[in-house]
Each structure stands twice: as C-alpha cells, then as structure tokens.
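S.K.: Now for the letters of each chain:
Protein chains: 2
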Amino acid sequence: MCPDIDTITYGLANILDKDRGWGISDDSFKFLEQMKTFGQENWFRIGDRDLALHVVRTNLLKEGKTLSSITELIRKSFSIPTVILPASDNHIETRIETAQGDMHIQEFWVKNHAEPEIKGIRYDGISKADANIKAVELIRNSDLVVIAPGNPISSIGPIISLPSIRKELTSRRSTVVAISPIIGNSAFSGPASKYMEAMGVESSPYGVALYYKDVASNLVISDFDTAYEKKIHSLGINTHKTNIVMQNEEEEMKLSNFVLEKFNIA
Amino acid sequence: MCPDIDTITYGLANILDKDRGWGISDDSFKFLEQMKTFGQENWFRIGDRDLALHVVRTNLLKEGKTLSSITELIRKSFSIPTVILPASDNHIETRIETAQGDMHIQEFWVKNHAEPEIKGIRYDGISKADANIKAVELIRNSDLVVIAPGNPISSIGPIISLPSIRKELTSRRSTVVAISPIIGNSAFSGPASKYMEAMGVESSPYGVALYYKDVASNLVISDFDTAYEKKIHSLGINTHKTNIVMQNEEEEMKLSNFVLEKFNIA
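So the protein lines, in turn, are chains E and L. Read in order, the letters of the first sequence correspond to residues 22 to 287 in this note's numbering. Read in order, the letters of the second sequence correspond to residues 22 to 287 in this note's numbering.
Among the clues, some could well be false.
Think about it this way: if two alpha-carbon atoms lie no more than 25 Å apart in a straight line, the pair counts; the simulated SDA-like pairs of lysine to any residue are [claimed, not checked]: (1) K97/E / L82/E; (2) K132/L / V77/E; (3) K83/E / S182/L; (4) K83/E / W64/L; (5) K140/E / V77/E; (6) K234/L / S182/L; (7) K132/E / W64/L; (8) K39/L / R66/L.
Stretch-level coverage of chain E by chain L, calculated; a stretch enters the list once three of its residues show a Cβ under 8 Å from a Cβ in chain L [stated by the list, open to error]: (9) 51 to 57; (10) 90 to 101; (11) 264 to 271.
Hints listed in this document are in silico derivations from the structure and should not be mistaken for laboratory results. Note that beta-carbon positions come from the ideal geometry of N, C-alpha and C, so glycine has one too.
Bound conformation, chain E alone:
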C-alpha cells in the first residue's frame, strides 16, 4: 500500500470514500469477510476493489517496475488528468518504535488504535533513497509549492527528508506555502498531534512552522490562532489566516483559492 498516493488517486478519480478518508466509496468487503472466517488478520479494512490496486502494484514492483511508472499506469487507468509523482522510487517505510515493540505505522494506527506509548519514529530506507528526479524538477519549475495539511510526520516528513527535495524547497522557500493541519493544540483528524509530540515538536501552528521552517516561508493558519503569529514570524515565516477546516467541496475550493490569490496565481 501507498496510503497517500492511493488516497490522492482515488480522490482525483472521484471515487474516494470521503467518510473513511481512504479507500473506494461503495466498495464491498467480501474478500476480507471471507479471510476472517479462515482466521486471518483483518484489521485493515481493504475493500474488494481497493485490493486490486494493491495487488497490481505489488505484482508490478516484483516484476521490477518503478513506483512512479506504476503510479502513472494507475493514473491513466482512472483517466486522471493531474500528474501524480511519488517522492521516491525507493522503498521507504515509516516505523513506530513503541513500548510494545517496533511496528509498521498502519499496525500502530489501525490495528493498535494508536494506544502504545511512542518511543520514536523513523523512516526505514530514507538514507539510501533517491528522490524522484521528476518530482525535483516539478518543484523547481512550479510557480508555487503548496504543502497540504497532511500529517507533518507521517505524510510530509519522509518527502522533505529526501536531501534533493529538501534542498530544492529550501532554495525557493519564499514561494513555498504550508497549510497547518493543526488549530490550537489539536490536529483536525488523525494522529498528527501524537506523532509531532513523539518527535519532540509542539503540537500547535508554531510546532508546524518550526518543523517546516527550512522548506517554507509561508504558513496558512486558522483565524483562531492569532496568538501564535508573533512566535511564527520570529522563525522567518509569514502567516496567512483563514478557515483551514475543510468539511465539504466548497470549503476546499475556498481554501485553495485563498492560497492562489495570496500568491497572485489566477
């Protein structure tokens, strides 16, 4: 699985299960229900249609195809016009070190309900990974780079830990804008706060700014977070305030237009 690529793919194909935040809407779970009768693990709710993508990708990876070529094939299968570029073609896996042992991030979050005490978080394979050259070039040639309000540690962290992507963003940080996934001390959804604290980063818009300070000089924060602005500015980061909670398509469009207008992009 590549949870972020998959969710982006399904989202752009207009088949994302928005209630769950991942997987395909109206999918069935017959495969998984049958696996359960055989006493197999079934904590990861993979639907019957969703399963096909993971099987195809795993098979093609085994055949030696790159993640980016497979992502491209899948994008075309869904007739998605937007380019989707993985940050790297190498295997990078986020592992959570807990009081109950070392586990895959999905095992921690889905199977163990984020309950084990976190001792550390690491990206296995990151030191040997090369950035996808096409992603580096796209960053170089874009008018604006927007870092979505994804989980800074589990979604964005591995990407900006790749040296050539980090270098590219750092050299153009005045036209990189991140959107905070946190209001006050709480993430909108998911384990962002928990992971940030585990990495020694304060769970707040200031913590987000601190985490992104080398790669972005702009941060979109909530209207409610005026109190954090001065500290954020002291990091050399501009703040832009608006509603950052997106609960429907209208709010999504509003936020994206807000960002584009701020940077004079039509």
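Here the structure of chain E is known, so what remains is to put chain L in place on it, guided by the hints.
M.R.: The following block gives chain L in isolation, referenced to the frame of chain E:
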C-alpha cells in the same frame, strides 16, 4: 487454486455456485472488475470471497504448511463434517501440450476455450510426488471406494497415477466402483471427451472402463448404454445400469443410494 478440492469444499459447505459448477454462489466480482480497469488478465472468473481461499492457501503453502493441513484448516473454517484428503501434498500440475504451445490446464480450458489442438497431456511433478498416507489408509480401510463421474484425465488421472494409491486400489478393485461421466460418446459436461481422445482413450463408457480397468472392477453406466456392456465385461469389469445424469439433489441422492444398495451398504 485446487479446483477439485475447492469445488468439493464449497459443495459440502453448501455455498457452491451450482450453475457455474465452481466458485461461491452469490459471490461478487469487484476485485476482478477493478483488475480489468488496470489492464490485468481477468479470464479466470474468481469472485471476491473465492479469492480469499486461494490467497490463504498460497500464503500458508509459502509458510511451509502442507496442502492437507491447509485443506483441514479450511474444512474446519466451514464446519464441514466430512474429511477431505488431497491425494498428495506435493505440487502436481496438469499441463496441456498444444499446437499453440504448452499451457496450464485452466489456461487451455478457460482462457483458450479448449480450442487449441491437443498434442499431449502430462502431470508435471507426478513422478516425484508421494501419495498422502492418510488417503492411502482411508482407501485401505473403507468398505467401498466410489470414483465419482469426474473428468478421468484431469480429475481422477493424477490421483490414480500415484503408485501407492494405484497399488491400493488395484489390490481391492472388486470393491471399487467408478461412475461413468460419459453416455454414448459424450461427456455430461466439461472437456472429458476431448482429454480422453487426446490420451488415446475412446470417449465412451468402454473407454472409461479401459482407463479404470486396473483400479476398479465395477462401472456404473447409463441405462442407454447397453450396447457397451459386453465389451466392458470382457475387461473383467461388472456393469451397473441406472440414470447417471444428476441435474438436481434428488437425482444425486438416487444415484448415491443406487451405488450403496448395490454394494449392500446401508
């Protein structure tokens, strides 16, 4: 896949798709439909629930479990009271040699609609395979052995090609009864006639008798096949005539009772 074990398992679990003759009734095909959108092969109509069995078995085989222990686990998962014993724990694969090349039997039958000209049929792995000792013992300790009207070449052939099973049946052939899958010159269903002819065996009740003569001294044939009796008797095989076409449960019960009564088994 183990088509015969699977069909027996689903049949005994009362979930067999009787119209197709294999797979699970009321299964869905979302996984396969999605695979098709990715340009993957989808000639084998595996349902979403059916897929789980093949994945579990493949995983357990890779972990080093034996086919018979896996079959037992699956049987228990379905609460099937009847013992199901694979003939061997070794990998045996039926290959069809055709004018268009060597292919797996399912590739020949399902993908290529049995159209390529058959040059030969072989059971890969049979010479290195050992019979399942439990199956040999069960044959030894049974009052009667009934060879179902399955395909003699693709379903029964590999089993009776295993030396210790063949030896066991041969030594007790007076209490082994086969049911002909053929009336006149035609098999009820499937490629039995085609495979028999490819193996140089006449497609008729006599051909069936000839194929089974070492392992069975009794053959149940159709009421319509009186003409073949004399030739069959000349092989040292008794004939028992009744309706051998089973189109519903009543006809299935009738045929099985006919056999049990013939051999005085209550």
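S.K.: The structure should be examined with respect to each hint, and the outcome stated for every one.
M.R.: Each hint, compared with the structure:
The suggested pairing of K97/E with L82/E holds, with an alpha-carbon distance near 18 Å, which does not exceed 25 Å. Note on K132/L and V77/E: the hinted pairing holds, with a Cα-Cα distance of about 20 Å set against a maximum of 25 Å. In summary, the hint linking K83/E to S182/L is not supported, as the alpha carbons are separated by about 36 Å, beyond the 25 Å threshold. Restraint check: the Cα-Cα separation between K83/E and W64/L comes to about 22 Å, which is no more than 25 Å; the hinted pair holds.
Annotation: proposed proximity of K140/E to V77/E is violated, straight-line Cα distance about 35 Å (limit 25 Å). Our distance criterion of 25 Å between C-alpha atoms is met by K234/L and S182/L, whose separation comes to about 13 Å. With a CA separation close to 35 Å, the supplied pair K132/E and W64/L exceeds the 25 Å bound. With a C-alpha separation of about 15 Å, the suggested pairing of K39/L with R66/L holds against the 25 Å cut-off.
A count of 6 residues in the stretch 51 to 57 of chain E with a Cβ less than 8 Å from any Cβ of chain L is obtained; the coverage claim is therefore met, three being the minimum. Interface restraint, the stretch 90 to 101 of chain E with chain L: holds (4 residues with C-beta to C-beta distance below 8 Å; minimum three). Here the stretch 264 to 271 of chain E counts 0 residues with a CB under 8 Å from a CB of chain L, which misses the bar of 3, and the coverage is violated.
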